[in-house]
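Mind docking chains B, C and W on chain U? Use the hints.
As a plain string of letters, each chain reads:
There are 4 protein chains.
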Amino acid sequence: MKLWGGRFEGGSSEVFEQFSGSLHFDKALVFADIEGSQAFARALAKQGILNAQECDELVRAFAEIAHEAKDPAYFDGANDEDVHTFVIRKLGEKTSLAAKIHTGRSRNEQVSLDTRLYLRTCARTLLRQTADLMSGLLELGRKYPDAVIPGYTHMRRAQAVLWRHYLLAYFEMFARDFERMEQALARINVMPLGSGALAGSGFPFDRDEIAADLRFPAVTRNSMDVSGDRDFALDFLYACSMIVLHLSRLAEDWILYSSEEFNWMTLGDGVTSGSSLMPQKKNPDSLELIRGKSGRVFGDLTALFVTMKGLPMTYNRDMQEDKEPLFDAFRQTSGALSMALAVVDSVVLDAAKPAAAAEESWVIATDLAEELARRGVPFHRAHQIVGRVVLESVKAGKKPSDWTAEELMNCAPEFVPEMHRFLNPAEGMKSRELPGGTGPRAVAQAFAEAEARLAAMRSRLV
Amino acid sequence: MKLWGGRFEGGSSEVFEQFSGSLHFDKALVFADIEGSQAFARALAKQGILNAQECDELVRAFAEIAHEAKDPAYFDGANDEDVHTFVIRKLGEKTSLAAKIHTGRSRNEQVSLDTRLYLRTCARTLLRQTADLMSGLLELGRKYPDAVIPGYTHMRRAQAVLWRHYLLAYFEMFARDFERMEQALARINVMPLGSGALAGSGFPFDRDEIAADLRFPAVTRNSMDVSGDRDFALDFLYACSMIVLHLSRLAEDWILYSSEEFNWMTLGDGVTSGSSLMPQKKNPDSLELIRGKSGRVFGDLTALFVTMKGLPMTYNRDMQEDKEPLFDAFRQTSGALSMALAVVDSVVLDAAKPAAAAEESWVIATDLAEELARRGVPFHRAHQIVGRVVLESVKAGKKPSDWTAEELMNCAPEFVPEMHRFLNPAEGMKSRELPGGTGPRAVAQAFAEAEARLAAMRSRLV
Amino acid sequence: MKLWGGRFEGGSSEVFEQFSGSLHFDKALVFADIEGSQAFARALAKQGILNAQECDELVRAFAEIAHEAKDPAYFDGANDEDVHTFVIRKLGEKTSLAAKIHTGRSRNEQVSLDTRLYLRTCARTLLRQTADLMSGLLELGRKYPDAVIPGYTHMRRAQAVLWRHYLLAYFEMFARDFERMEQALARINVMPLGSGALAGSGFPFDRDEIAADLRFPAVTRNSMDVSGDRDFALDFLYACSMIVLHLSRLAEDWILYSSEEFNWMTLGDGVTSGSSLMPQKKNPDSLELIRGKSGRVFGDLTALFVTMKGLPMTYNRDMQEDKEPLFDAFRQTSGALSMALAVVDSVVLDAAKPAAAAEESWVIATDLAEELARRGVPFHRAHQIVGRVVLESVKAGKKPSDWTAEELMNCAPEFVPEMHRFLNPAEGMKSRELPGGTGPRAVAQAFAEAEARLAAMRSRLV
Amino acid sequence: MKLWGGRFEGGSSEVFEQFSGSLHFDKALVFADIEGSQAFARALAKQGILNAQECDELVRAFAEIAHEAKDPAYFDGANDEDVHTFVIRKLGEKTSLAAKIHTGRSRNEQVSLDTRLYLRTCARTLLRQTADLMSGLLELGRKYPDAVIPGYTHMRRAQAVLWRHYLLAYFEMFARDFERMEQALARINVMPLGSGALAGSGFPFDRDEIAADLRFPAVTRNSMDVSGDRDFALDFLYACSMIVLHLSRLAEDWILYSSEEFNWMTLGDGVTSGSSLMPQKKNPDSLELIRGKSGRVFGDLTALFVTMKGLPMTYNRDMQEDKEPLFDAFRQTSGALSMALAVVDSVVLDAAKPAAAAEESWVIATDLAEELARRGVPFHRAHQIVGRVVLESVKAGKKPSDWTAEELMNCAPEFVPEMHRFLNPAEGMKSRELPGGTGPRAVAQAFAEAEARLAAMRSRLV
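Residue numbers (the numbering used here), protein chains in the order written: chain U, 79 to 540; chain B, 79 to 540; chain C, 79 to 540; chain W, 79 to 540.
Simulated from the structure, these hints should not be mistaken for laboratory data. Do not take every clue at face value.
Partial list, computed: chain U residues near chain B (C-beta under 8 Å) [claimed, not checked]:
#1 L81
#2 G83
#3 G88
#4 R185
#5 L355
#6 N361
#7 D363
#8 G370
#9 R374
#10 V384
#11 G413
#12 M417
#13 A420
For each residue, glycine too, the CB sits at the ideal point set by N, CA and C.
Just chain U, with the same shape it has in the complex (with noise of 0.2 Å):
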């Protein structure tokens, strides 16, 4: 079926309706086009075009539609050109007064429409997982309040911190991504309709009451503007691709810390699997998986990006191709939050390992150099004595436990004594309680802020 054809002699060839119908995947937005059709029935009842009781007829068949839409196999078969088509056959199924309901909407505001509403549920599940994301590391962190790992920089021990530390960073991390899907949403979340094909509607809709019927607390405001805008597609892609690139870090993080050579944590047997042929392996899967989700959702970013490019003013057809893009997005994206928060319930952390591994190596350098510097050493000339000492280290296999402060004291004159215990990595860590800073005082202040913050969150969700 299709919506159009007065002024046109021959049919749609085969290989066309096959390439340009969407709805394979268009599909997925039949209740929010049942719901916005059924606001805009309301809409054309206030204009008089539909009485009172036809009104009704249509509400109450858009809602039938919508109770058989729950069946996956509602669609098979059909060949309609997209999802508002198929609709409308539905309804004309159902009610003479199908006819009707086209009148001073377009297909281009419909469109509009029904992904922003779509969208708008897909960022708030979005918002929703990162918050529960963010809930399992704090939970992560109190799980081992004290544990003490070496932090990495150019993945190489560089000092010692807070296994609660380094779970904040993540905190923080997803924090940004929580405030950017927000502004997307705000931005996904203005009311379309009225607008027409690009012109504006004919009819003198109430834009704001339809916007208040379907919960919009906005209205856009120029209609060539939404004929061709995919702006608040684009910012949820890249909201989404953020949260990715994010779990890409943390996947590739523990997939190290999991392994045989760091061999901090172990995984639950649920969230990893073996090989059909090497028998001894269990492998960090849902990691990997996570990790290289990120190419999807770069590419799904990418590709709207470049469909966007250069179309002229304003609906151009190219966009339909912003949907598969868009649902594989959220799709990948939300699977991947699921899998991470599964992650993080199965990770048990065998903290002695990190720790003897901050212990072990040199972590404790810029802690003796800094004790240096406030002893009044000038900092270029305690980096110069700390770093000989590593490299004799480095040569006579020393760790920094096997050091005594005479030995110290021999190497450098500035050595005192008192500066032996900052050999040890807890040591040096009580000197960065500033905030921010992974002190033990700093990171418990750090975590009930986080904890709150996350509260404040929560409580925006709808």
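What follows is chains B, C and W alone, placed relative to chain U:
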């Protein structure tokens, strides 16, 4: 069902099964998987792992599965990890020999094999479609052998060219695409079995024999490379990207040429759409969608590049994310080629329109200037003279045909009466007879060569 | 010069110094680096690491460097590792206190600070330029308050709209860009000092005080996050990408509108180019380059996404690769905005041309159909009726103005004489007075609101 | 200076000159431009446009410019539109014949020629560097002919492989890169002159002769195609992208292998960096930067794809945006290859470490299972048996070498005493002697073949 587990105590979590399961998309590989497994059974027989009768039984059982799998409903309700596991489970339902088929074979190499078998079919399909499109362009050229259009640079009328010359420019693009896809195919078409998970199989298969069985012209050279390699998939995606890039340009041209403003050509009703709101619309949706597909395919290429970036050797589960972009890129590229061909077949050129567009504008300016240069005027000066003629014409609203020879000569003494004929676009075209130029003889020659080259390309298709 | 080395025996290889050195591009950060270092010197004084006189001496020495660095030749021949090292070396040439300035500060946080300082200036520049472009669009609207153009969908004439309405659509896009850039700026504008290399500084700096000194409204919350974070850079790149996306669409429109085929508008000679070969050419190079820049900026965004993907916590040297894409994206986006404004200022609309284009085509078809609907004809039927009128017109070569009321009524009984006036595009526009529509009153209202909103945006600029 | 203007009244605006001017980057093409122009002068002489003496004078004048252009300061202060205009202006300062050199040549074809000349040099450089890196990898293999490492899948120890086998896997990747770049070069290395702006030159140049003069093996076939073609540039960018993709994987591997956790290899001091804050750090910056460069080059590829998408035929000024991505991609890829070679040369493998890693882990599990299969146990059962041995070992903290033959046989009756030797990784490797496997003889064979193949590749280099 899973192909591993002896080393595990807990089962997989539901979220993991859902997140990592690939059957819902890699079922597309089912026939490739079976074809490869049959060849592998024969290889096992050669090794004495199976006797001749067992081999026959397995090959037959696989054939049955292939037959059953033609019914899309075959996969309904299955929740195996992937298509390989699915096939093995089905096999197990048919014969107890299933337990032997994974001897000396890993899923890593099997995935590589299946994907290569699948992509070589895709590549061949796209080669054929590209050739068909080139045929279509030539046919469209034959319909209007003498038609003249204004060629554009910067979307401004530049010089008159033959319609056939214009079409041959696209022929060249698609000819390069054909070559590129052939080169991708050569890297796809290499047999990986025998590589094991990464170290090579523990059984001394005759790999060349397996390759011959599966009609591969070559075998891979390093087992670790095979395990971690998706270069052939990227090559395929890149070759697809170039095709859709060229299609996006053709689409842009013809959207404009068929617009009310250009009005040169009519697209068949069968490849255009109307509007649900605006009764007069006849929109070039087919071309818009073709143009928009470029985003999808570039996005797929980006996706796989990102996914593969920075992966350690060898196989990592991230690589499972290659499938959906590959399948999507094939579907979009193939669809766009089919659609483009249908459009090409439907085009009716109203040759008088572009001819008039050429005559009314100053596309002959270069002809005039070059003729001056041929008569000894330094080109820089010739350019200036003609530039002033054009400026004067623009101000006075004069077309080339409005100028008399005297007026030209009044304008600059370098003009001579014989040059007046260059005010007709056809005259200048005659001077462009060097190979690659738009001169009628040169184009006829190029056209004949294109036909011969295309025949040669087709002869290389399997 | 290097800021490390005690632990090393061999020096850097030449190929490494050349490959890793960043001075040739990060010298762009020199003023940011100095501004941050001066604030840091004051913070060291608060800590007692420097006395007041030492602090003054350092701040003064930094100021001298800033003064000298205004000369681009200042960096000639320098082969320091990066701009931070360069500045420290210069400082050392001026004062022996240089050895103290790195106390309690790492390059990781310094890079973060410098980049944030730099980008907040860039973001503010782009905000100002975006506002200027919006002003330019409004001004261009004021020049032709009543001009009517055919609005397009699918690059086909769709409905008549006011020129001002069309311009306001772009205003909306750039208003969203403004908001997006403000939100990016809010995430850029956070003070990272005190984070150390990753664990927090070993000195108890008052971070809020440093933030106030450098006019940052907030401080970062986690030191590991700071070390590994480039989210703010991605936010900036995304905000730039959206700007150039919108510019690419404006460019496409106007390349067409100023073409021989549309011929609606003239671009100033100052923003167009000629051809070295074709004397008649006047090409819209400015717009083409604006359109082309979209590739560059999307490429920059892609680049940083790829670089950051899968990086383990925290800082990895890969992150140095953020600078050139950032600098490039700013330069391209800023240049494109300037160019676009100059084009907007130069445009002369030949209002009669688009008006004629509207009148000669069937952009009034929807007006007719909607009027039928307002008079009680079900829209589906109304659409068919008008579709047939159009089809007949196309065959007979009739324009709307060629139809009499009688002919319309002969065509379908639903037509009534009063409807004849809807054959004039101005009539239909009057029925589109709902907010966001192209009705003259609605547009006047939207225009006034746009002016007020723009004033409010400008008032938020620093 | 400009090469056009007769048709213009107003001059270019300053913002346009700044925005559109390309001299600051396309000056990189100056030598290519001169080489091409000299050949073109000779072609003009053949046409009789220049006499022999004039031709000599022009060729000499060009040679002078080439000589002067070796001084980078040569371009200081120049504000010509582009490098072509710059060269013509310089030419005009030397000879009055300059006015003739643009006869029958357009900048569109000139840009194509210059870019092709430039890129073919770049491609050849990268081919040589790729070959050098392959040599380096082979040399690194020769240093440790018998070293054994645990091969990884999923970043988990999988099976033992020879170090040389591992290196050969990278050899294969770079061999494909070599082939891909050769294929790109073949499409770059085609001579476009004679194409004019788009329609073919108005002078009957002998294009094959020009090609021979400039050592091009072929000429382009269609003038419009030439004008709008950047396929060869995309082919180059794609070939670069694949190289940096492979380098990113090598970098990832070696960042890990040289980490404290793996501790297999030492990178030379010359290719590592320290920290300005942390005295103990020795960071693999060279490898991190190599990994990070992948983003830059993928970004360049994306940029040009986006810029070209949807451009109408033929030349559009957008295409000027190809230069900076091309130059950047070459610079980054070439730099990364040089850096990688230096790293390869600096690596010291501590072969005992990976050997121990192999021996202590269950990389022999597959060997055991396959031996069971060779002895008639269905593989599925063999996999389960060994899986249980591993599980028991993990629980009891047993290494393979801790197991006695009796213990194995107690565990499953299928074990026999002779199988005990498979607990040593070297044993299993011996069973992988099929082509492409890690068996010592197979690897020796593959290594010898690699040497021969590399020699053949080198022989193809100009």
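Item to check | Ascending list of hint numbers which this structure does not respect | outcome: Hint check: nothing fails, all pass.
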